[in-house]
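2 protein chains.
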Amino acid sequence: MNSIHNTSVDEFVKEILNNNISYLSRAITLVESNNLKHQAKAHQILEKCLPHSNNSIRIGITGVPGVGKSTFIEVFGKYLTGLGKKVAVLAIDPSSSIQKGSILGDKTRMQTLVNDDNAFIRPSPSGESLGGVARKTRETITLCEAAGHDVIIIETVGVGQSETTVHSMVDFFLLLKLANAGDELQGIKRGIIEMADAIAINKADGLNVKETNLAKTEFARALHLFPAKESDWIPKVVTCSATENIGIKEIYEMITEYFTLTQKNGYFYQKRNFQNKNWLFETIDNELKSDFYQNDTIQKEIVKSIKMIENQEINPFHAAKKILKIKR
Amino acid sequence: MNSIHNTSVDEFVKEILNNNISYLSRAITLVESNNLKHQAKAHQILEKCLPHSNNSIRIGITGVPGVGKSTFIEVFGKYLTGLGKKVAVLAIDPSSSIQKGSILGDKTRMQTLVNDDNAFIRPSPSGESLGGVARKTRETITLCEAAGHDVIIIETVGVGQSETTVHSMVDFFLLLKLANAGDELQGIKRGIIEMADAIAINKADGLNVKETNLAKTEFARALHLFPAKESDWIPKVVTCSATENIGIKEIYEMITEYFTLTQKNGYFYQKRNFQNKNWLFETIDNELKSDFYQNDTIQKEIVKSIKMIENQEINPFHAAKKILKIKR
Numbered sequence: 004m005n006s007i008h009n010t011s012v013d014e015f016v017k018e019i020l021n022n023n024i025s026y027l028s029r030a031i032t033l034v035e036s037n038n039l040k041h042q043a044k045a046h047q048i049l050e051k052c053l054p055h056s057n058n059s060i061r062i063g064i065t066g067v068p069g070v071g072k073s074t075f076i077e078v079f080g081k082y083l084t085g086l087g088k089k090v091a092v093l094a095i096d097p098s099s100s101i102q103k104g105s106i107l108g109d110k111t112r113m114q115t116l117v118n119d120d121n122a123f124i125r126p127s128p129s130g131e132s133l134g135g136v137a138r139k140t141r142e143t144i145t146l147c148e149a150a151g152h153d154v155i156i157i158e159t160v161g162v163g164q165s166e167t168t169v170h171s172m173v174d175f176f177l178l179l180k181l182a183n184a185g186d187e188l189q190g191i192k193r194g195i196i197e198m199a200d201a202i203a204i205n206k207a208d209g210l211n212v213k214e215t216n217l218a219k220t221e222f223a224r225a226l227h228l229f230p231a232k233e234s235d236w237i238p239k240v241v242t243c244s245a246t247e248n249i250g251i252k253e254i255y256e257m258i259t260e261y262f263t264l265t266q267k268n269g270y271f272y273q274k275r276n277f278q279n280k281n282w283l284f285e286t287i288d289n290e291l292k293s294d295f296y297q298n299d300t301i302q303k304e305i306v307k308s309i310k311m312i313e314n315q316e317i318n319p320f321h322a323a324k325k326i327l328k329i330k331r
Numbered sequence: 004m005n006s007i008h009n010t011s012v013d014e015f016v017k018e019i020l021n022n023n024i025s026y027l028s029r030a031i032t033l034v035e036s037n038n039l040k041h042q043a044k045a046h047q048i049l050e051k052c053l054p055h056s057n058n059s060i061r062i063g064i065t066g067v068p069g070v071g072k073s074t075f076i077e078v079f080g081k082y083l084t085g086l087g088k089k090v091a092v093l094a095i096d097p098s099s100s101i102q103k104g105s106i107l108g109d110k111t112r113m114q115t116l117v118n119d120d121n122a123f124i125r126p127s128p129s130g131e132s133l134g135g136v137a138r139k140t141r142e143t144i145t146l147c148e149a150a151g152h153d154v155i156i157i158e159t160v161g162v163g164q165s166e167t168t169v170h171s172m173v174d175f176f177l178l179l180k181l182a183n184a185g186d187e188l189q190g191i192k193r194g195i196i197e198m199a200d201a202i203a204i205n206k207a208d209g210l211n212v213k214e215t216n217l218a219k220t221e222f223a224r225a226l227h228l229f230p231a232k233e234s235d236w237i238p239k240v241v242t243c244s245a246t247e248n249i250g251i252k253e254i255y256e257m258i259t260e261y262f263t264l265t266q267k268n269g270y271f272y273q274k275r276n277f278q279n280k281n282w283l284f285e286t287i288d289n290e291l292k293s294d295f296y297q298n299d300t301i302q303k304e305i306v307k308s309i310k311m312i313e314n315q316e317i318n319p320f321h322a323a324k325k326i327l328k329i330k331r
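Chains as they are written, first to last, in this note's numbering: chain A, 4 to 331; chain B, 4 to 331.
Simulated from the structure, these hints should not be mistaken for lab results.
Only some residues are given here: those of chain B computed to face chain A with a beta carbon under 10 Å:
#1 H46
#2 H55
#3 N276
#4 Q278
#5 I287
#6 D288
#7 E290
#8 K292
#9 F295
#10 I305
#11 I309
#12 E313
#13 N318
#14 P319
#15 A323
#16 I326
We put the CB at the ideal spot given by N, CA and C, even for glycine.
Throw the hints in and build the complete structure from the sequences for me.
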């Protein structure tokens, strides 16, 4: 096998389309690289892979540490490969330095899935801003789909902003929870529950079963109070046990039901188009801002303005107008 | 009285600080004007009023049409003026052309409050973008506070984006609802319930009382499932009847409790600072964007890019990079 540098774009594309995992991995390395030459090559590979992408289902899975995410994804992934599906598991974890080991970084936690020929597991690119991770994950999805993966699972830790990012790139969003909601809920940011297409209450086994069923009823009632989703899908609350392999098949059937509904009513395609357009405008808006705020004079003026705003010497609107007048 | 043009900035400021309603009204007219000379004068008046503002409590009130908002605000406002408070009622209604008459535009709906010397009612500036309305409302708040108003009520219709805007400029956010939640909830956007510091179920009178109490229990249970608010305030669900003047006093006492708590724990001041800084950055970000997107070449390139993205010929990130390279 040639090195990254000696492998041509066409060879990369040909081998990725053949689901050659080693080429897929190296192409993702190019996508993740901060080297401009690598990025240019990645860009060319991506553009040739794009027409072959868009054929998978994309599932986001979130939950606070301790909920059993890794075990769930492993068992769920194995169930899917057992059905003859090719599964890719990616991660969004901008806080990887803090949450170390809580997410895919520690591959040993999905030992069985790692050794499954029909599964492809890739940890989150490390030491990156959320925007950087998001771009790289989106491009990795394209490459995995071109390589023929039918199901893309995006894992994230349910404690921060990253759920919104995951939500912006998946079709279906699954929230894993535990039954003893009181304390545990505190860790879940507001809004995540509303984004969920389904809540799966994990560890529904042994002595937990009763408590889990109670939690299920309670959450189903709470979700019922929210307005209907644009997708016409009514969010479901289910129970499962990843360690005991209970409820996994049912979760996949529920997800299949979601895709049948949304592909039929067109929401699936509409949402993907919407996500792509949003990505375009998000990139533009972020670059405009970072370009503006990086300027030293502007930074100094902002610090000064904030002080004046706090002292009630200027109103924020007029302070902004003044700052915008600074020659960039 | 001199005309707007012949009245000096200092005279405006002096009369506003004396709570001269006619000068206050004319200063708001300057704030709302799109004439650059008017805006410059408004700016000067605002800057001199700023040190005298920030002394009121700001309450946002929302609810779908039909919930009884006008009646509630009238009765609530009269209760406050009865306590010796000066009350200003402002409106945020970017959709006033569509929702015509549903909000303050129709002053006859608050006949009693309009004729109360201690109340000041100002309809939403018409025919404006939400951003424009927001800026004008924020500046109007400053003027009303300088004129000695103790309570600022910002009314909005609970059907769109405007609640987020109202939420960004008030201390306390009250959602008015009716008991028969099923259908009515559909009109309330996701997220509004989460923003609410209290939900008041209106029309709790006569044959409705039982149903209202049931709804109260149900909502209290649902709210309980959400994580604690940053303010340490636990959102309350209460019932009231504006037409029968039931529960109004209790709502004000609850709001007072909120202010006691948040002024003691510092959240009140923290939130106002945060809102002001957000307003600064919001204004900058919006101007950067409108400046960029107004360019014809850029607009054409965006349309072309969206087509290419839909056809899977380019990925959104690289399309954005290409658009950003266009000479502005």
